[in-house]
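Asker: Sequence:
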Amino acid sequence: MKYLLLDIDDTIAPLKVGGPNMVIIDSMGVELAIPQYIADWLKKASEKQMKIIWCTNRTPIVGALIEKTIGFKAEGQLQLYNKKAYEWEKLYGIIEFCNEHENDLVVLADNLVERMTRGVELPNNLKTVLPSDATLTIEDLKLIDSL
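Quick note: the sequence shown uses our numbering, first residue 1, plus one each step.
Possibly wrong hints are sitting among the right ones.
As the list claims (entries may be wrong) - If you anchor each label on the Cβ, the simulated ranges turn out as follows: (1) Asn99 x Lys16: 23 to 29 Å; (2) Ile138 x Glu47: 16 to 22 Å; (3) Glu47 x Glu87: 34 to 40 Å; (4) Glu121 x Thr69: 34 to 40 Å; (5) Leu147 x Asp40: 16 to 22 Å; (6) Tyr37 x Lys73: 16 to 22 Å; (7) Lys127 x Asp26: 32 to 38 Å; (8) Glu96 x Gln49: 21 to 27 Å; (9) Met28 x Pro123: 31 to 37 Å; (10) Leu80 x Met28: 38 to 44 Å; (11) Leu147 x Leu112: 18 to 24 Å.
Don't read these hints as lab results, they were simulated from the structure.
All residues carry an ideal CB built from backbone N, CA and C; glycine is no exception.
Please model the entire structure based on the sequences and the hints provided.
Answerer: So, in structure tokens, the structure goes:
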């Protein structure tokens, strides 16, 4: 099985809200804007042999709002907690997930992945995708599909 651990802020929702060809999600008064090409890709990707799991500090409600607005279903949200093992609070949960799915491919797409995993030995089944331009590009999405 192929799992995609997907961040929200910057990775799929640029900090600058608005512009043409964006899907706007109202998250309890805070707007998120997701480029249309990412929204379209998420719908198609969730139908393939890939399970999308949110890997974000945002509440699960935000992921649910994104799913409802775009029209796809993720497989839940990664449990994030920092057991003081790593500087990046997400990293313990990511490594634990990889260890629990050692026979599966786990892809992590997060704009902080390169900076926050420097010097850390990552599991062999984890492939990281650093967005080319803070937010995932069409080429980044093709890379995820090809892994």
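Asker: Hints first: check each against the structure and report whether it holds.
Answerer: Hint-by-hint comparison with the structure:
1. Hint check: Asn99 to Lys16, Cβ distance near 37 Å, so the stated range 23 to 29 Å is violated.
2. Separated by about 18 Å at the C-beta atoms, Ile138 and Glu47 satisfy the suggested range of 16 to 22 Å.
3. At roughly 36 Å, the beta-carbon separation of Glu47 and Glu87 lies within the given 34 to 40 Å, and the hint holds.
4. Evaluation of the 34 to 40 Å hint for Glu121 and Thr69 yields a pass: the beta carbon distance comes to about 38 Å.
5. Remark: the range hint 16 to 22 Å for Leu147 to Asp40 is upheld by a beta-carbon distance near 19 Å.
6. Between Tyr37 and Lys73 the Cβ separation comes to about 20 Å, which falls inside the hinted range of 16 to 22 Å.
7. Range check, Lys127 to Asp26: about 33 Å between beta-carbon atoms, so the 32 to 38 Å window is met.
8. The hinted range of 21 to 27 Å is satisfied by Glu96 and Gln49, whose Cβ atoms lie roughly 23 Å apart.
9. The hinted range of 31 to 37 Å is satisfied by Met28 and Pro123, whose Cβ atoms lie roughly 35 Å apart.
10. At about 20 Å, the beta-carbon gap between Leu80 and Met28 misses the expected band of 38 to 44 Å.
11. Between Leu147 and Leu112 the C-beta distance comes to about 19 Å, which sits within the given range of 18 to 24 Å.
This entry does not satisfy hints 1, 10, going by the numbered hints stated previously.
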